[in-house]
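All residue numbers for the sequence shown refer to full-length UniProt numbering, where the first residue is 1 and numbers rise by one.
If you're looking for bench data, these hints aren't it; they were derived computationally from the structure. Remember, predicted model here, so these are calculated numbers, not experimental data. Don't take every hint at face value.
[To be verified] As a list, the in silico EDC-like pairs of lysine to aspartate or glutamate whose alpha-carbon atoms are at most 16 Å apart:
#	residue 1	residue 2
1	Lys299	Asp246
2	Lys90	Glu58
3	Lys296	Glu258
4	Lys59	Glu49
5	Lys186	Asp107
6	Lys299	Asp250
7	Lys181	Asp246
8	Lys160	Asp107
9	Lys277	Asp226
10	Lys290	Glu258
11	Lys181	Glu247
12	Lys160	Asp77
13	Lys296	Glu254
14	Lys277	Glu118
15	Lys61	Asp143
16	Lys290	Glu247
17	Lys296	Glu251
18	Lys183	Asp243
19	Lys255	Glu294
20	Lys61	Asp71
21	Lys89	Asp141
22	Lys277	Glu207
23	Lys103	Asp51
24	Lys200	Asp143
25	Lys290	Asp264
26	Lys174	Asp104
27	Lys200	Asp280
28	Lys181	Asp87
29	Lys59	Glu118
30	Lys255	Asp177
31	Lys255	Glu293
32	Lys89	Asp177
33	Lys181	Asp280
34	Lys299	Glu251
35	Lys296	Asp246
36	Lys90	Asp104
37	Lys160	Glu75
38	Lys160	Asp71
39	Lys61	Asp141
40	Lys103	Asp87
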Amino acid sequence: MLQRLSTVFRRPVFWHGTHHHDSNDATKRLFDTVSSTVKGIQQINYVVEHDPKLTAEEKSKMKQFLIYRYDPADENDFPKYVSYYVDLKKIPPMYLDALLYIKDNYDSSLSLRRSCREGICGSCSMNCNGLHKLACIHAIDTDLTQPAYITPLGHMFVVKDLVVDMTNFYTQYKTIDPYLKRKTPKEGNKEYIQSVEDRKLLDGLYECVLCACCSTSCPSYWWHPDRYLGPAVLMQAYRWIVDSRDEYTDERLEKLAEDVKVEDCQNIGMCSFTCPKGLDPQRSMNHLMKLIEEYKERKIASATL
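Construct all of the structure, not just a fragment, from the sequences and the given hints.
As structure tokens, then:
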């Protein structure tokens, strides 16, 4: 049985049951919640030392990594942090480098996803010291007096260790039809030409690697992952809506206007804060919501004619 992880970001009660909050107040309470939860992690009750023979002097010269370990398929296993000490002089500077070193040299049973190691594939998204990041491009804090905490993406079902179930996320992505849709038949091999200005509208959108760091940092997505599409998927929906080559703009807006696919956004901004690619999902969603409102107004106006 899979277990939903809520270790690093607890579900704050003040987002549940209403859609009318002051965004500045909500943002402050979010950071207060994150801060208190991270402090709680520093007092975790169960830590397993991978190498209990290490002396205090040896530990003082290495970086401690506290890594979340749990295999739901093993009925005798339970969630815990395993403590590993690594000499930072032996590895490159990123979190993924430390994880691969630990897996190759200390514990081959450690499970994680990774592929490109260049911040392109989005595979190695995880929680690094309280923030959702891509482990391959997020640098390790070199302060040896402070441990590095590594956990799976928050509020996701854990498959094993740092691997989470991305099925719902990818299923939601599929629902927005993330590809060019045309009503006009294509003429031979002619390309769909865009102006320079139209092409620039896609900058800051197409670079998304679907790592889910933003969506899993979003309190609205924590509460309604079954209905709310979340910032990553909505930003990609916006990407196709503003693409001048696409001819299904109104149909896309109509589909997104249903239920709480979009409107559950509280403009807290954690999505943009945590994005490892430096994108701004919050800005894209604000633009998307304006487009949806304009579409609704046009629809009402046309119905009254």
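Hints and how they fare:
A C-alpha spacing of about 20 Å is found between Lys299 and Asp246, which places the hinted pair above 16 Å, so the restraint is violated. Of the supplied pair hints, the one linking Lys90 and Glu58 holds, its CA atoms being roughly 15 Å apart against a limit of 16 Å. Pair hint Lys296 plus Glu258 holds up; C-alpha atoms about 11 Å apart against a cutoff of 16 Å. Restraint check for Lys59 and Glu49: satisfied, since their Cα atoms lie roughly 12 Å apart, inside the 16 Å limit.
A distance of roughly 55 Å separates the Cα atoms of Lys186 and Asp107; the hinted pair therefore is violated under the 16 Å criterion. The hinted pair formed by Lys299 and Asp250 meets the criterion: a straight-line CA distance of about 10 Å does not exceed 16 Å. For the proposed pair Lys181 and Asp246, the alpha carbon gap of about 5 Å is at most 16 Å, so the pair holds. At most 16 Å may separate the alpha-carbon atoms for a hinted pair to count; Lys160 and Asp107 meet this at roughly 14 Å.
With a CA separation close to 26 Å, the supplied pair Lys277 and Asp226 exceeds the 16 Å bound. Distance restraint check for Lys290 and Glu258: the Cα-Cα separation of roughly 15 Å lies within the 16 Å cut-off, and the hinted pair is therefore satisfied. A threshold of 16 Å between alpha carbons decides the hint, and for Lys181 with Glu247 the separation of about 6 Å falls inside it, so the pair holds. Proposed proximity of Lys160 and Asp77 is supported: the alpha carbons are some 11 Å apart, at most 16 Å.
A threshold of 16 Å between alpha carbons decides the hint, and for Lys296 with Glu254 the separation of about 8 Å falls inside it, so the pair holds. The hinted pair formed by Lys277 and Glu118 meets the criterion: a straight-line CA distance of about 11 Å does not exceed 16 Å. A threshold of 16 Å between alpha carbons decides the hint, and for Lys61 with Asp143 the separation of about 10 Å falls inside it, so the pair holds. For the suggested pair Lys290 and Glu247, the alpha carbons sit about 19 Å apart, so the restraint of at most 16 Å is broken.
Restraint check: the Cα-Cα separation between Lys296 and Glu251 comes to about 12 Å, which is no more than 16 Å; the hinted pair holds. Distance restraint check for Lys183 and Asp243: the Cα-Cα separation of roughly 14 Å lies within the 16 Å cut-off, and the hinted pair is therefore satisfied. Simply put, Lys255 and Glu294 have alpha-carbon atoms about 14 Å apart, close enough for the 16 Å limit, and the pair holds. Distance restraint check for Lys61 and Asp71: the Cα-Cα separation of roughly 31 Å exceeds the 16 Å cut-off, and the hinted pair is therefore not satisfied.
For the hint linking Lys89 to Asp141, the alpha-carbon distance of about 13 Å falls within 16 Å, and the restraint holds. At most 16 Å may separate the alpha-carbon atoms for a hinted pair to count; Lys277 and Glu207 meet this at roughly 8 Å. This hinted pair checks out: Lys103 and Asp51 have alpha carbons roughly 14 Å apart, not beyond 16 Å. For the suggested pair Lys200 and Asp143, the alpha carbons sit about 41 Å apart, so the restraint of at most 16 Å is broken.
A threshold of 16 Å between alpha carbons decides the hint, and for Lys290 with Asp264 the separation of about 14 Å falls inside it, so the pair holds. Proximity of Lys174 to Asp104 is assessed by CA-CA distance (about 36 Å); at most 16 Å being required, the pair is judged violated. Straight-line distance between C-alpha atoms of Lys200 and Asp280 comes to about 15 Å, which keeps the hinted pair within the 16 Å bound. Restraint check for Lys181 and Asp87: the C-alpha separation of about 52 Å exceeds 16 Å, so the hint is violated.
At roughly 30 Å between alpha-carbon atoms, Lys59 and Glu118 are farther apart than 16 Å, so this suggested pair is violated. Distance hint between Lys255 and Asp177 is fulfilled; the C-alpha atoms sit about 11 Å from each other, no more than 16 Å. In summary, the hint linking Lys255 to Glu293 is supported, as the alpha carbons are separated by about 13 Å, within the 16 Å threshold. A C-alpha spacing of about 46 Å is found between Lys89 and Asp177, which places the hinted pair above 16 Å, so the restraint is violated.
Using a Cα cut-off of 16 Å, the hinted pair Lys181 and Asp280 is violated, with the two alpha carbons roughly 25 Å apart. A distance of roughly 12 Å separates the Cα atoms of Lys299 and Glu251; the hinted pair therefore holds under the 16 Å criterion. A threshold of 16 Å between alpha carbons decides the hint, and for Lys296 with Asp246 the separation of about 20 Å lies outside it, so the pair is violated. Annotation: proposed proximity of Lys90 to Asp104 holds, straight-line Cα distance about 13 Å (limit 16 Å).
Taking the CA atoms of Lys160 and Glu75, the gap is about 13 Å. The hint holds against a cut of 16 Å. Between Lys160 and Asp71 the CA atoms are separated by roughly 5 Å; this keeps the pair inside 16 Å, and the hint holds. For the given pair, Lys61 sits about 14 Å from Asp141 by alpha-carbon distance, which is consistent with the 16 Å threshold. For the proposed pair Lys103 and Asp87, the alpha carbon gap of about 14 Å is at most 16 Å, so the pair holds.
In this structure, the earlier hints numbered 1, 5, 9, 16, 20, 24, 26, 28, 29, 32, 33, 35 are contradicted, and the remaining ones agree with it.
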